[in-house]
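Line by line, the protein sequences give chains H and S. So for the first sequence, my numbering puts the first residue at 1; every next one is plus one. So for the second sequence, my numbering puts the first residue at 1; every next one is plus one.
Be a bit skeptical, because a hint or two may be false.
Derived BS3-like pairs: lysine-lysine, alpha-carbon spacing no greater than 25 Å straight-line [said to hold, decoys possible]: (1) K398(H) with K58(S); (2) K177(H) with K398(H); (3) K374(H) with K398(S); (4) K398(H) with K290(S); (5) K144(H) with K374(S); (6) K363(H) with K323(H); (7) K415(H) with K32(S); (8) K415(S) with K323(H); (9) K38(S) with K151(S); (10) K32(S) with K144(S); (11) K73(S) with K61(S); (12) K290(S) with K415(H); (13) K358(S) with K415(S); (14) K144(H) with K184(H); (15) K415(H) with K38(S); (16) K358(H) with K211(H); (17) K375(H) with K375(S); (18) K363(H) with K177(S); (19) K448(S) with K73(H); (20) K151(S) with K61(S); (21) K375(H) with K398(S); (22) K61(H) with K38(H); (23) K374(S) with K398(H); (24) K61(H) with K415(S); (25) K177(S) with K398(S); (26) K448(H) with K73(S); (27) K58(S) with K139(S); (28) K323(S) with K448(H); (29) K323(S) with K61(H); (30) K415(S) with K290(H).
In short, the hints are calculated from the structure, not lab data. Treat the numbers as computed from the prediction; the structure is a model and nothing was measured.
One letter stands for each residue in the lines below.
There are 2 protein chains.
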Amino acid sequence: MAKPEKHLLIIGGNAAGLSAARRARRNDPRLKITVLEKSGIVSYGACGLPYYISDVIKDEKALLVLPVDALVKDGIDVLLNHEVVEMNVRERSVYVRTAEQFQKIQYDWLIIASGARPIEPDIPGRDLDGVYTVRSLEKAAQLKNELISGKHRSAVVIGGGYIGLEMAEALTRQGLKVTVIEQKSQVLPYIDSDMAALVESEMTGRGVALKTSTAAVRIIGEQAVRGVETDGGEILSCSLVILAVGVRPNADFAGLAGIELGPSGAIRTDDYLRTNVLNVYAAGDCAQVKNTVTNKFEYFPLGTTANKQGRVAGDNATGRRQKFSGVVGAAVVEAFGLEIARTGITEAHALKLRMPVKSVTIKGTSRAGYFPGKKEIYVKLIFDFLSGRLLGAQMIGKEGVAKRLDVLSTALQQKLTVQELSELDLSYAPPFAPVWDPLLIAANQAQKLVWARRY
Amino acid sequence: MAKPEKHLLIIGGNAAGLSAARRARRNDPRLKITVLEKSGIVSYGACGLPYYISDVIKDEKALLVLPVDALVKDGIDVLLNHEVVEMNVRERSVYVRTAEQFQKIQYDWLIIASGARPIEPDIPGRDLDGVYTVRSLEKAAQLKNELISGKHRSAVVIGGGYIGLEMAEALTRQGLKVTVIEQKSQVLPYIDSDMAALVESEMTGRGVALKTSTAAVRIIGEQAVRGVETDGGEILSCSLVILAVGVRPNADFAGLAGIELGPSGAIRTDDYLRTNVLNVYAAGDCAQVKNTVTNKFEYFPLGTTANKQGRVAGDNATGRRQKFSGVVGAAVVEAFGLEIARTGITEAHALKLRMPVKSVTIKGTSRAGYFPGKKEIYVKLIFDFLSGRLLGAQMIGKEGVAKRLDVLSTALQQKLTVQELSELDLSYAPPFAPVWDPLLIAANQAQKLVWARRY
C-alpha cells in the first residue's frame, strides 16, 4: 500500500513563497505542494511598480516574473484569490476564503510567506478617490491610466522613505507638480541626516516641494481628493495622494493562531526559519530577519532577502538542514538621478546603542579624475573607533554607487576593520574608478581615527 | 650642534615614488627627500594614455595628475631628467646621469620605484618611423598628432593584452583599420580562453582583424613603416605599428648592484617591501608583489598596487612598521564596449598548479529582467571543488562589471567559499541588479559542484 501523500502548504505567491515552492519541488519530486495566493496574480516584480508608473517600464506584463503555467508544469498547485483567514496549528490546517466558498486545507508542513502590506495611516479622507498606496499591480495600472489621461496636475506623497521618493520621482517624470511630506526631520530614515541632506537638496533642486517635520492630518475632498491639510494648518491642493508611510508584516492571522511575533508584528524565526510551532516556517516580508551587524532580529523587508529565505525555508521544510545567515542591511534606491545606498547600521543607530562610534565622509569620483563624465560620489563610513571594525556605510552619487556598496556589505559580513578595508585590492581602469577608489580614500581617512592602529 | 640631515632618496617619480615621497614627508617633516625622475615629467596618469590617443581625453594636461610645484612646496626635491645608471649599496650612493653631468648622490634610505618599461621585441624594423610603444606622454602626444593629421589609415597592433586591446580600440575610434596580432592562441592571457572568446567575437564584430597564434617576424619599410610580416608569411600593410607585448621591470641597475631580483627580473621584497639590502625598499612596477591567492610573489604591475606600495614603503623608510598585505590580482579593462574584469587565478593557472579546481560560467543581467536597457553579464567563478574556496573570477559585460568584480576580490581576500558567497547580502534595485544578482546566481551554481556541502 502506498504511503499517504505528504502535503507542503505555502501561504503567499510572491518572492518568498514561490522560491520556497520551487526549491521544495526540486528537493522532493513527489511531495504535494500548494501555494495559496490572496490576489489574482503571482510573482510580480513589486519593486518595479514605481518604474511602471513613471513609464520607464511600458508594459505591466514585464513585471510578471513567472507565469502560473511554469509552476503548474512543475507540479505546484497555485490557488489564486485564496485568502487565509485563520489557522489551527494543532490540527495542522488553515481556513481559506474564496469568492465562492470557505474551505479547510490540511498540511504536513507549512511555510508562511504572506508578505507585507502598506501601512494605511489612520487619516481622515484616506478612502477618497485619488488616494493610492503602491503595492498591487492592479492599483498601479489604474493609477497609470489616470496619469496618462492627464487627470492629475499635482500630487502629495505622504512619506519620504524609499517608496515615497521613487514615487515622487515617477510622478515628476509624468509631469506632475509633487510635494513630499515627511513626519521625521529628514527623508530616508535608513541613512544619516547629513547624507539625507544631499538627497533633499537634489530633490528640491529638481522642483519637488519637500516638507519635513510635517504630518498630514487630513485628506480633503468629497468624492475625490482636493488637497491635504498638514499639522501646520497648511492646505496643499492636489488631486492625487500617495500613501507611502511604510509597510507592515502580514502576519496577524499567524499571531492569532499562536505563532510567535516580534515587536514589529513580524514572525519570529530561528536561523533555520523555524517558527515556535513545529513544522511551520516563515520567510520573506512577513518575518523578522537577523541583522548580522547587531546580531539582533529586526524587521527589514526586502525582495532579495525574501527570495533567499524562500529557498532556505523550502530546503528545511523538505528535510535539508539549511541556515539563513542573516543580512547586513544592504539597500539601494534610485531617485532624482542619484543612487542612494546604505548598508549596516547608521551612525545615529550606533550612538543609540552606545557604541564607540565615529564616522568619516569623503567626496570622491566615479572615474579617474581626468576621465570625461566623472561624477561625484560621497562615501560615509561608520566604524567602531576602538577596534576599527566597520559598522555601516552610506553612499550617494550619480553613478557607480550601487555595486560599490556591495564591497562594503561584503566587508561588513566578514566583520572587516577599516584598516583591512583600506588594503583591499580593487579593480582599476580610468572609466570605472580613480586609482584611489572612493572606498579606499574613505577607509584611509577612517583609519586615522582608530585607536587600535597597528603600529 | 644639529645632527646631520638624513636623506631619503627615491628613484622614480610616478605612482609609487611620489606616494612614497608624500607619505614620508607627512611622517617626518624634517627629513631631506629627493625624487629622481628619468623623464621630463612626474606623475602622469599612464593608464589614461589610450584614452588620450583615442581623443576621449582631449588634452594631455589632464593626465598630469600632480604638478611638480605641489611637491616642491611640500619640501620634496624633484630632479627631472635624472637617470640612475649605477648604484653602490655598500657606500649608499647612486650615480646619476643628466644632460650636463654625471653625479653621485648619497642616501640614508633608498626607495626604488623605477617602474616598468615596454618590452621592445627583438624584431627587425622596430626602429622605423611609425613604430610606437605606449608608455610615455611625449610619444603619445606625437602619435596623436599623426592621427589627427590623417597620416595613418591602417595600423597593426602587436600584442593582444590589456594595452593592445585598449590601443586597438583607440585607433579604431580614430578611424583606422586595425589588425591585432597575438602570439598566443587567445587575447588577454590573464583570463581563460572561454571568456576571451567573448571578447574576440566582439572585436571582430566591430571590424577589428584579429590574428591569434600569429607572430610578427618583421616590420617592413625603409624610413617609415609599410607593413608587418607574420610567421605565416602574410604581409599586413600599414603605416603604423603599436608594440604592446607587455612591460618588464626597470630593475636591471638594481640587480647589478646586488639587489635580489625574482625570476621575472622584478625586485624581490618581503611583506614590508624591504629588499635584501638594509635600508633599501622597492615599490611599484619594478617590484614583485605577493598574490594572496597562491601566496607566491609574482610580477603583476598595476597602478593601484604601485600607489599603495609607495605609501607602505614611505612608512617603513620613516620608521613606521607597515605591512603590504598583497593583492588578489584584480584588474579591469574597457575595450570595444565591453568591461572585462578578472581577479584571483584563472582556471588554466589552477589546473597547472594541480589544484582540485572546477568552474561555472553563467549569463545574468546588469539590471532587473524587466528593466529597460539591461545588458548581459557573463560571470565565471573558479573554485576548489573540495573545500568550495573561491580561487578566481572573470566577468564580461557592457555595464555593471567593474565594481561588481570588486565584491569577488573582497571575497577572495577573505578566502570565502562559494557557499559563503551565495549568502552575501547585496544591494538591489531594478536599475542596478536583478533580484538575484549575477554573482549570486553563479555562486549558487558553483555550490552544487562542491563536495564539502554543508548538509
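Status of the hints after comparison with the structure:
For the proposed pair K398(H) and K58(S), the alpha carbon gap of about 23 Å is at most 25 Å, so the pair holds. Among the hinted pairs, K177(H) with K398(H) is consistent with the structure: their alpha-carbon atoms are about 23 Å apart, no more than 25 Å. A hinted pair counts as satisfied when its Cα atoms are at most 25 Å apart, and K374(H) with K398(S) qualifies at roughly 18 Å. Proposed proximity of K398(H) and K290(S) is contradicted: the alpha carbons are some 35 Å apart, above 25 Å.
Note on K144(H) and K374(S): the hinted pairing holds, with a Cα-Cα distance of about 23 Å set against a maximum of 25 Å. A distance of roughly 39 Å separates the Cα atoms of K363(H) and K323(H); the hinted pair therefore is violated under the 25 Å criterion. Only pairs whose Cα atoms come within 25 Å are accepted, and K415(H) paired with K32(S) is rejected, the gap being roughly 40 Å. Annotation: proposed proximity of K415(S) to K323(H) holds, straight-line Cα distance about 20 Å (limit 25 Å).
Between K38(S) and K151(S) the alpha-carbon distance is near 30 Å, which puts this suggested pair outside the 25 Å criterion. For the hint linking K32(S) to K144(S), the alpha-carbon distance of about 39 Å lies beyond 25 Å, and the restraint is violated. Straight-line distance between C-alpha atoms of K73(S) and K61(S) comes to about 20 Å, which keeps the hinted pair within the 25 Å bound. Of the supplied pair hints, the one linking K290(S) and K415(H) holds, its CA atoms being roughly 23 Å apart against a limit of 25 Å.
With a C-alpha separation of about 16 Å, the suggested pairing of K358(S) with K415(S) holds against the 25 Å cut-off. For the proposed pair K144(H) and K184(H), the alpha carbon gap of about 29 Å is over 25 Å, so the pair is violated. For the suggested pair K415(H) and K38(S), the alpha carbons sit about 44 Å apart, so the restraint of at most 25 Å is broken. Taken as a hint, the K358(H) and K211(H) pair is broken in the structure, with Cα atoms around 30 Å apart against an allowance of 25 Å.
Only pairs whose Cα atoms come within 25 Å are accepted, and K375(H) paired with K375(S) is accepted, the gap being roughly 22 Å. Between the alpha carbons of K363(H) and K177(S) the distance comes to roughly 41 Å, so the proposed pair goes past 25 Å and is violated. Between K448(S) and K73(H) the CA atoms are separated by roughly 24 Å; this keeps the pair inside 25 Å, and the hint holds. For the hint pairing K151(S) with K61(S), the CA-to-CA distance comes to about 24 Å; that is within 25 Å, so the pair holds.
For the hint pairing K375(H) with K398(S), the CA-to-CA distance comes to about 19 Å; that is within 25 Å, so the pair holds. Proposed proximity of K61(H) and K38(H) is supported: the alpha carbons are some 19 Å apart, at most 25 Å. Under the criterion of a C-alpha separation no larger than 25 Å, the hint pairing K374(S) with K398(H) is consistent with the structure, at around 18 Å. As the CA atoms of K61(H) and K415(S) are separated by approximately 42 Å, the hinted pair breaks the 25 Å bound.
With a C-alpha separation of about 23 Å, the suggested pair K177(S) and K398(S) falls inside the 25 Å cut-off, and the hint holds. For the given pair, K448(H) sits about 24 Å from K73(S) by alpha-carbon distance, which is consistent with the 25 Å threshold. Straight-line distance between C-alpha atoms of K58(S) and K139(S) comes to about 16 Å, which keeps the hinted pair within the 25 Å bound. With a C-alpha separation of about 16 Å, the suggested pairing of K323(S) with K448(H) holds against the 25 Å cut-off.
For the suggested pair K323(S) and K61(H), the alpha carbons sit about 55 Å apart, so the restraint of at most 25 Å is broken. As the CA atoms of K415(S) and K290(H) are separated by approximately 23 Å, the hinted pair is consistent with the 25 Å bound.
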